[in-house]
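**Q** Spelled out, the chains give:
There are 2 protein chains.
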Amino acid sequence: MRILIIEDDQEASAYLAKGLKEAGHNVDQAGNGTDGLFLATTERYDAMVVDRMLPGVDGLTIVQTIRGAGNTTPVLILSALGKVDDRVKGLKAGGDDYLVKPYAFAELLARIEALGRRTSASQPETRLKVEDLEMDLLARTVSRSGQDIDLQPREFRLLEYLMRHAGQVVTRTMLLENVWEYHFDPQTNLIDVHISRLRQKVDKDFDQPLIHTVRGAGYTLRAAR
Amino acid sequence: MRILIIEDDQEASAYLAKGLKEAGHNVDQAGNGTDGLFLATTERYDAMVVDRMLPGVDGLTIVQTIRGAGNTTPVLILSALGKVDDRVKGLKAGGDDYLVKPYAFAELLARIEALGRRTSASQPETRLKVEDLEMDLLARTVSRSGQDIDLQPREFRLLEYLMRHAGQVVTRTMLLENVWEYHFDPQTNLIDVHISRLRQKVDKDFDQPLIHTVRGAGYTLRAAR
DNA sequence: CCTCGATGATCAGAATACGCATGGGGTGCC
DNA sequence: GGCACCCCATGCGTATTCTGATCATCGAGG
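Chains A and B, in that order, give the protein sequences. Per the working numbering, residue 6 is the first one in the first sequence, and the count goes up by one each step. Per the working numbering, residue 6 is the first one in the second sequence, and the count goes up by one each step.
Check the hints yourself; a few may be wrong.
No copy labels: a pair is met if it fits in one copy or bridges any two.
[What the hints assert, rightly or not] Pairs of lysine-lysine, DSS-like flavour, derived with a Cα cap of 27 Å:
hint, residue 1, residue 2
1, 97, 26
2, 134, 23
3, 94, 106
4, 134, 206
5, 134, 26
6, 23, 106
7, 23, 94
8, 106, 88
9, 209, 134
10, 106, 26
11, 26, 94
12, 23, 97
Worth flagging that the hints you see were computed from the coordinates, not collected in a lab.
Using the sequences and the hints, build the whole thing.
**A** So, in structure tokens, the structure goes:
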């Protein structure tokens with residue numbers, strides 16, 4: 006994980022950085038609010054540790070600023086102020102966690118890693134899986150029960166969309182918008198044709214169909230009810 | 006936000022639920038680990054509050070289990086154990102935050118909201134519920150007391166409209182306008198027919214009918230008075 | 001308490017809309 | 001020019017919806 010520390014106390018910062026590096030992370034340090042803000046907005050981090058009291062721009066302001074800019078990097082706020090009210094303020098400013106000094110390094114590490122886990126879990130997925138149907142987005146391959154299936158580009162996008170919404174009913178309008186990028190109704194059976202072709206490839210040779218028609222509504226991808 | 010509380014202490018659970026509801030959230034409660042695990046895996050929540058000590062399946066096990074199943078719903082662990090080591094364990098198990106009892110409600114609220122903030126602004130309503138009758142708008146499924154009911158498109162729209170106006174009397178004109186998009190009176194018993202069919206599916210196999218006729222006015226959906 | 005008109009429920013067949021498969025034609029890329 | 005891919009039109013089979021007839025229920029008034 007790439008972690009940014011914004012902390013003015015040299016010694017505390019060094020101690021933290023050392024510990025995080027030993028835990029296998031990649032650490033950048035900023036000694037004041039201005040530098041911190043600069044790094045936070047120009048670089049990409051998996052998590053940040055921000056001291057609340059800083060010379061120049063203070064900790065809460067930094068958090069508010071980067072949140073305002075749409076940056077959602079998880080932030081752990083460090084502070085000597087431990088009153089409930091201070092903590093609530095820290096979280097309201099957009100912090101994801103708040104730790105009061107003095108703290109145990111083991112706890113800080115665990116919390117940072119908990120924060121990072123959340124975002125990495127929400128990172129763009131590279132594989133999709135629904136029942137025995139698997140799709141590898143990078144390799145652009147699809148297989149069912151280990152058997153390769155090859156799809157044409159449009160079919161691939163269609164199936165990807167269905168898999169991302171597995172279990173939900175997907176309407177024709179949603180498909181037109183998201184798979185075809187049509188913002189109107191072509192008044193033809195375009196979608197039906199592609200679904201039909203996809204079925205030939207995905208469901209034909211298998212007992213359990215995965216693509217189901219929901220009459221009057223659209224289609225859905227899931228195991229039979 | 007939809008929030009699940011898993012806590013065995015009745016009083017603590019009720020207090021928490023009340024506070025969260027007042028803050029505008031939608032709260033479900035489970036009083037033991039088994040029920041909690043069931044809800045956590047079958048429903049979709051924006052965040053969960055889990056007590057660490059629970060009869061049956063304990064808190065940490067619950068978190069580990071749902072994480073193992075690929076569920077990334079943010080979890081805040083509540084515990085009386087406040088030692089650094091306990092906290093680290095809680096976070097390592099997959100918790101996103103850890104709060105030691107006794108805690109201030111304001112802080113818990115701030116932390117829960119910080120957790121929820123990350124997982125997308127809570128979406129428009131996707132489930133409707135009236136008594137034991139539930140409708141999932143995304144999956145287009147309906148169930149009563151856990152038993153699946155399948156409806157035809159028009160029946161589905163009709164029931165959706167009734168559920169959205171549960172407790173109110175819905176006139177025939179309202180139904181024609183909103184379910185059929187007719188802006189005139191077809192002079193047939195169209196609506197009666199559909200209500201009749203809906204009753205067969207929704208009320209037939211149950212003691213308590215939910216669809217009631219209001220003679221001279223229309224229909225209403227609610228538990229018997 | 002019974003009758004009668006009005007209102008609502010149920011049923012079954014007819015009409016309609018919807019979804020599916022298939023083949024042909026067009027378009028753009030090697 | 002040939003090939004791959006995508007889109008459109010047609011005709012067919014079937015699920016769903018609507019209609020009209022008949023039957024049941026309600027409630028007011030005698």
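**Q** Could you run down the list of hints and mark each one as holding or not?
**A** Checked hints:
{"no.": "1", "hint": "97 <-> 26", "result": "between (29 Å within a copy, 18 Å between copies)"}
{"no.": "2", "hint": "134 <-> 23", "result": "within (20 Å within a copy, 39 Å between copies)"}
{"no.": "3", "hint": "94 <-> 106", "result": "both (16 Å within a copy, 20 Å between copies)"}
{"no.": "4", "hint": "134 <-> 206", "result": "within (17 Å within a copy, 34 Å between copies)"}
{"no.": "5", "hint": "134 <-> 26", "result": "within (17 Å within a copy, 36 Å between copies)"}
{"no.": "6", "hint": "23 <-> 106", "result": "within (18 Å within a copy, 32 Å between copies)"}
{"no.": "7", "hint": "23 <-> 94", "result": "between (29 Å within a copy, 22 Å between copies)"}
{"no.": "8", "hint": "106 <-> 88", "result": "both (12 Å within a copy, 15 Å between copies)"}
{"no.": "9", "hint": "209 <-> 134", "result": "within (19 Å within a copy, 38 Å between copies)"}
{"no.": "10", "hint": "106 <-> 26", "result": "within (21 Å within a copy, 32 Å between copies)"}
{"no.": "11", "hint": "26 <-> 94", "result": "between (30 Å within a copy, 21 Å between copies)"}
{"no.": "12", "hint": "23 <-> 97", "result": "between (30 Å within a copy, 21 Å between copies)"}
Taken one by one, the earlier hints all hold for this structure without exception.
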